[in-house]
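Q: So the chains spell out like this:
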Amino acid sequence: MSDVTLINIKEEILAENKELAQQLRADLRARGVFLVNLMSSPGAGKTSLILKTLEHLRAAFRMAVIEGDVDSAVDAERVAREGFPAVQINTGGSCHLSAAMVAKGLERLPLDALDLLFLENIGNLICPAGSDTGAHLSVALVSVPEGDDKPLKYPLIFRTSHAFLVNKTDVKDRFDFQTGAFRERVRRLNPEAPVFEVSCKTGEGIGAWCEWLRERAEAGG
Amino acid sequence: MHELPVTRSILGIVLRHAEANGVQRVMAIDLSIGALSDLEAEWIQSYFDHLSRGTPAEGAALRVKRSPLTFRCEPCAAEFTATREELASARCPGCRSRDVSVIAGTGYTVESMEVQS
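If you read the sequences in order, they're chains S and B. The first sequence runs 0 to 220 under numbering that gives the first Met the number 0. The second sequence runs 0 to 116 under numbering that gives the first Met the number 0.
Simulated from the structure, these hints should not be mistaken for laboratory data. It is possible that some hints are incorrect.
[To be verified] With a cut-off of at most 27 Å between alpha-carbon atoms, the simulated DSSO-like pairs for lysine-lysine come out as follows:
{"hint": "1", "chain 1": "S", "residue 1": "Lys171", "chain 2": "B", "residue 2": "Lys64"}
{"hint": "2", "chain 1": "B", "residue 1": "Lys64", "chain 2": "S", "residue 2": "Lys200"}
{"hint": "3", "chain 1": "B", "residue 1": "Lys64", "chain 2": "S", "residue 2": "Lys103"}
[Unchecked claim] Covered, in the sense of this in silico footprint (three residues per stretch, anywhere, with C-beta under 8 Å from a C-beta of chain S), are these stretches of chain B:
{"hint": "4", "region": "31-42"}
{"hint": "5", "region": "45-59"}
{"hint": "6", "region": "70-80"}
{"hint": "7", "region": "83-93"}
{"hint": "8", "region": "106-116"}
Please read these numbers as outputs of a predicted model, since none were measured by experiment. No residue lacks a Cβ here, since even glycine has one placed at the ideal position from N, Cα and C.
Using the sequences plus the hints, can you model the full thing?
A: Set out below in structure tokens:
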């Protein structure tokens, strides 16, 4: 055997995903579909928020949902019961949705009959933050019982998302969640991003969130 | 937490370069992982050991270097580094602006590899 030599590579590991995501974003834009990636921890209320948003924006857009889950189709079933097209992607253990998985989900949707498409990512604040899905807008949801320190613990997702929601405001007086502290922590990481306080239970705040989303979707970015 | 797909990508890149260079054995691989990434080097190595069995990269040691979190100041365009802990309070050392964007420190790169051909 010959001597050991060094080969320079300098190749980004996720380059392939990034390229595919950019391609998806451009293709969807050309077809007039606005894709929203929704991320949160398990149980923060992603599916409930999607259902509330679908209900609120029913007259404004033709909408559908791609549900990502490690296993099961319970979320897609909930959406389909409301009369919206829903596709379930099971990642089989993977902790986030990659652009390739999203591309497979898109194949099963009537894209020419859609304006607004929601992507419910895997419940997890770490992995989805590092992987481009091809969405035009990334939104992170936290809920009151989780606490106001999430931006300190998971800074990446708070840097890479475009807007934030605090769900379950109806139980605020039972928990120590300090909205002012949360907003300040978000502002330090992401000064431009808006924060919406909502309750999917009572419907409080859903109107303001939906109005903002409608404007973004109509502007296409 | 998503070490498995990342490790699969690393192996794919390594084997592609090994084949293109007529490499018989990969001894070591240098990786650069951003300071803001939550990847664990030990997990990457154990997944790699498993996935690389029967390939020229079997037994290769992964050497991980953490690449610093790098910011660009939007008003004055200065670039500077900070630790993960300083992320939330990052300010431009020149003009003290808080309007700064992360430009490096979140990705993963295969830098180089040591081989026998």
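Q: Now, for every hint given, state plainly whether the structure supports it.
A: Hint check:
1. With a C-alpha separation of about 43 Å, the suggested pair Lys171(S) and Lys64(B) falls outside the 27 Å cut-off, and the hint is violated.
2. At roughly 47 Å between alpha-carbon atoms, Lys64(B) and Lys200(S) are farther apart than 27 Å, so this suggested pair is violated.
3. Distance restraint check for Lys64(B) and Lys103(S): the Cα-Cα separation of roughly 34 Å exceeds the 27 Å cut-off, and the hinted pair is therefore not satisfied.
4. A count of 3 residues in the region 31-42 of chain B with a Cβ less than 8 Å from any Cβ of chain S is obtained; the coverage claim is therefore met, three being the minimum.
5. A count of 0 residues in the region 45-59 of chain B with a Cβ less than 8 Å from any Cβ of chain S is obtained; the coverage claim is therefore unmet, three being the minimum.
6. Counting residues of the region 70-80 of chain B whose beta carbon lies closer than 8 Å to any beta carbon of chain S gives 0, which falls short of the minimum of three for the stated coverage.
7. Under a criterion of three residues with beta carbons nearer than 8 Å to beta carbons of chain S, the stated coverage of the region 83-93 of chain B is upheld, 4 such residues being counted.
8. Residues of the region 106-116 of chain B lying with their CB closer than 8 Å to a CB of chain S number 11, which satisfies the three-residue condition for coverage.
Comparing the model with each numbered hint stated earlier shows that hints 1, 2, 3, 5 and 6 do not hold.
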